[in-house]
Amino acid sequence: MPSPADLVGRLVRFVGEILGASSLRFEIGPTLAVLGILLVLLQLVARPVSRWASSDAGGLTAVGRAMALAAESGTDVVVSLGNGGLVRATDALARLQTLAALPSLSHVARAAARSGVPLRVLTSDPMAMVTAAATVEAGHETTETLERRGRSRIVYVGEGRATAAGLVLTTRAHPAAAFAVGSLREEAVLQLEGLRGGAGSLTAGTAEPAQVSSVLLAGGSIIGPGAYQVAADLRADPTERTMVMAANRLILIGVVAIVVGAALAAAGILDPAAFLAGAAAE
Amino acid sequence: MRRPVVAALVIVVGILLLADFLVVNESLGEIAGLVIDAVILVAAGAALAGVVSLAWRRGYDLWRRRGDPIGAILVLVGIAAMLVAGLRPGAEGAGDPAVGWLVAALLAPIAATLFGLLFVTTIVAARRSLSGGARDAVLLVAAALVTLVLLLPVGGEVGDWLAQAAGWTLAVPVAAVFRGLLLGIAILAAVFAARTLLGIGATDD
Chain A
531 MPSPADLVGR LVRFVGEILG ASSLRFEIGP TLAVLGILLV LLQLVARPVS
581 RWASSDAGGL TAVGRAMALA AESGTDVVVS LGNGGLVRAT DALARLQTLA
631 ALPSLSHVAR AAARSGVPLR VLTSDPMAMV TAAATVEAGH ETTETLERRG
681 RSRIVYVGEG RATAAGLVLT TRAHPAAAFA VGSLREEAVL QLEGLRGGAG
731 SLTAGTAEPA QVSSVLLAGG SIIGPGAYQV AADLRADPTE RTMVMAANRL
781 ILIGVVAIVV GAALAAAGIL DPAAFLAGAA AE
Chain B
6 MRRPVVAALV IVVGILLLAD FLVVNESLGE IAGLVIDAVI LVAAGAALAG
56 VVSLAWRRGY DLWRRRGDPI GAILVLVGIA AMLVAGLRPG AEGAGDPAVG
106 WLVAALLAPI AATLFGLLFV TTIVAARRSL SGGARDAVLL VAAALVTLVL
156 LLPVGGEVGD WLAQAAGWTL AVPVAAVFRG LLLGIAILAA VFAARTLLGI
206 GATDD
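In order, the protein sequence lines correspond to chains A and B.
Here the first sequence is numbered in our numbering, starting from 531 and rising by one per residue.
Here the second sequence is numbered in our numbering, starting from 6 and rising by one per residue.
Keep in mind the hints are simulated off the structure, nothing from the lab.
Please note that the accuracy of each hint is not assured.
Said to hold, decoys possible - A partial selection of chain A residues facing chain B, derived with a Cβ cut-off under 10 Å:
#1 R555
#2 L572
#3 G754
Ideal Cβ positions, reconstructed from N, Cα and C, are used throughout, including at glycine.
Please build the complete structure, drawing on both the sequences and the hints.
Given below as structure tokens:
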């Protein structure tokens with residue numbers, strides 16, 4: 531029977547062998563940057579910051595008024611999760627935006643369930659459909675209105691961004707309010723204009739940097755990073771706020787790194803570009 | 006009981022994928038590959054179930070004579086055409102010329118036609134925004150008009166000055182705002198991805 535010291539020795543040898551057979555995929559700078567993000571986030575999760583000034587940049591706290599109008603007029607409310615999806619062929623940023631849109635959907639779903647307003651959720655991805663259905667159901671569970679669940683629909687708009695825009699432009703329904711939060715790219719103006727034309731009010735947002743103008747033209751105000759942090763103003767859950775706090779700290783670190791790096795590079799002491807990004811200095 | 010198991014699974018898979026992203030290790034890579042293959046299988050299953058559900062729903066609507074019959078017929082014919090083109094005996098699947106023709110001759114022109122509406126839709130959106138009097142929209146349209154003037158194809162000294170001004174606008178204020186926006190988006194996306202990988206908070210509520 532091996533002694534505990536022998537067991538620990540074997541374990542250390544095993545870990546050592548694994549480490550010996552491994553190497554870093556990136557340079558030390560990018561690896562530390564990724565681990566730094568985790569460190570800042572975990573540190574805030576362990577010790578959440580309680581100070582918070584709510585801003586409601588997207589105007590989503592006024593969703594109750596939209597629901598009252600919908601209930602009065604007997605119409606539904608549309609939520610578009612953008613056209614990034616979760617498993618369709620697109621990039622990670624578009625997928626992340628679909629995930630980031632779920633808290634907004636959850637907020638609208640709870641308000642709709644409470645007011646007895648049917649919800650129509652538009653998505654172009656089968657997995658996003660399943661997730662959206664679960665989110666809508668959770669809204670009914672929270673408000674104990676499961677008997678109303680059958681009135682809401684999750685609509686698969688088809689593959690491709692053009693299809694989603696085409697559906698919105700040609701639909702004859704006039705919802706009381708429309709919410710479009712998620713990945714919107716070349717179809718943004720078409721989709722938002724289609725929703726804006728048919729709906730009583732429109733709340734729009736996307737984290738696609740090239741579509742800021744489209745969102746502003748449609749009257750939306752959730753642009754850029756705001757699409758990820760809008761949930762922090764909707765929920766009292768400190769986890770949502772922790773994410774924004776972590777991002778704020780990282781932005782501060784980023785700004786300091788840019789300023790100090792630029793000063794060092796200008797003085798000719800050190801060019802941190804190669805260390806941080808693995809890029810060759812010009 | 007279900008939630009802790011799901012949360013634990015998310016954390017284990019998240020940390021595994023993150024470790025594989027940062028470290029090159031054969032064993033780790035194989036396990037991460039296995040997890041990714043499983044995700045692809047689930048996604049493919051969901052996509053297949055989605056198509057079957059769509060066909061069933063449209064077929065049932067047609068059978069019960071409710072909803073939009075023309076739309077239902079078009080959806081069913083479209084699904085059937087793609088399936089026949091890609092799965093008929095001797096076909097090469099998604100790379101079959103018949104599938105390529107359906108995409109190139111039907112889908113691509115329809116999408117292009119739709120995006121052709123962008124010009125008109127953008128003008129309509131600008132007009133509507135201006136009539137609403139929103140400060141952001143007024144500023145945006147004013148900036149667009151200035152850019153239009155800067156990009157006018159004018160020759161001579163005035164043309165050179167306009168071209169230089171357009172280049173400076175693109176290289177300095179627009180690039181500064183765009184880079185700031187990109188920096189913010191990248192950091193928020195990284196934090197959001199880290200949060201999802203570590204199972205912090207409930208993204209599906």
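Here is how each hint holds up against the structure:
1. Interface restraint check: A:R555 against chain B, minimum CB-CB distance 5 Å, threshold 10 Å, status holds.
2. Because the smallest distance between the Cβ of A:L572 and any Cβ of chain B comes to about 8 Å, under 10 Å, the interface hint for this residue holds.
3. The interface hint given for A:G754 holds, since its Cβ lies 5 Å from the closest Cβ of chain B, which is under the 10 Å cut-off.
When the structure is compared with the earlier hints, no violation turns up for any of them.
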